[in-house]
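J.: Sequence:
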Amino acid sequence: MQDSENTRPTPPPELGIEETEDLRLAVERPGGRHRLIRAALWVPRPAEAIWQILSDYETLPEFIPNLAVSRRLPHPEGGIRLEQVGLQPVLKVNFRARVVLDLIECCPERIEFKLVEGDFQVFAGFWALEPQGGGTDVIYQVQVCPKVTLPVGLVERRLTRDLHTNLTALRQQVLEVCPEVPIP
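The sequence shown lines up with residues 14 to 197 when you count with our numbering.
For the record, the hints were derived by calculation from the structure and aren't laboratory data.
Here are the simulated distance ranges between beta carbons: (1) D35 to V113: 28 to 36 Å; (2) E90 to V40: 28 to 36 Å; (3) G91 to P164: 32 to 40 Å; (4) I93 to R42: 24 to 32 Å; (5) S68 to L104: 32 to 40 Å; (6) R42 to P192: 40 to 48 Å; (7) E41 to H88: 26 to 34 Å; (8) E122 to T72: 17 to 25 Å.
Here the structure is a predicted model, which is why all the values come from computation and not from measurement.
Glycine included, each C-beta is placed from N, C-alpha and C at the ideal position.
Take the sequences, apply the hints, and build the full model.
T.: Rendered as structure tokens:
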């Protein structure tokens, strides 16, 4: 059990993620314009508490700095379809990226997402919540391939930089909303 919100255990090696200051991040370049980006951040709360925040899709822009829009859309088969728009300044220009995603929820462990339409050729991945040392590792993985009109290097840099900001904002929101609960 953790006795401090600022203390976290060493990540297990099977995560395959390099550790930096407080975010573990890995970028793979399997070929061409494709990237596989994986990040993890430890949160001293149970997965269920994090799930409540993460799966409340329409409130995400209230605390995720680079997310301008997150709204549910009708799904033709009754599933979960989500439109998200990211907006951020890049070299004095507002960079905007839009995706429509189909989601599959496996409560409270995993949310899988896959691109239906948007500003990428490929955008698919998952959120995973894995119990770890008195808290939960929040893991985000995305396979991305931008359309030819977007420079892949710019997309890779923006995604990796923003992951730290966005995951930290998620952790802060969870800590503010969910009082400390002992984890067995």
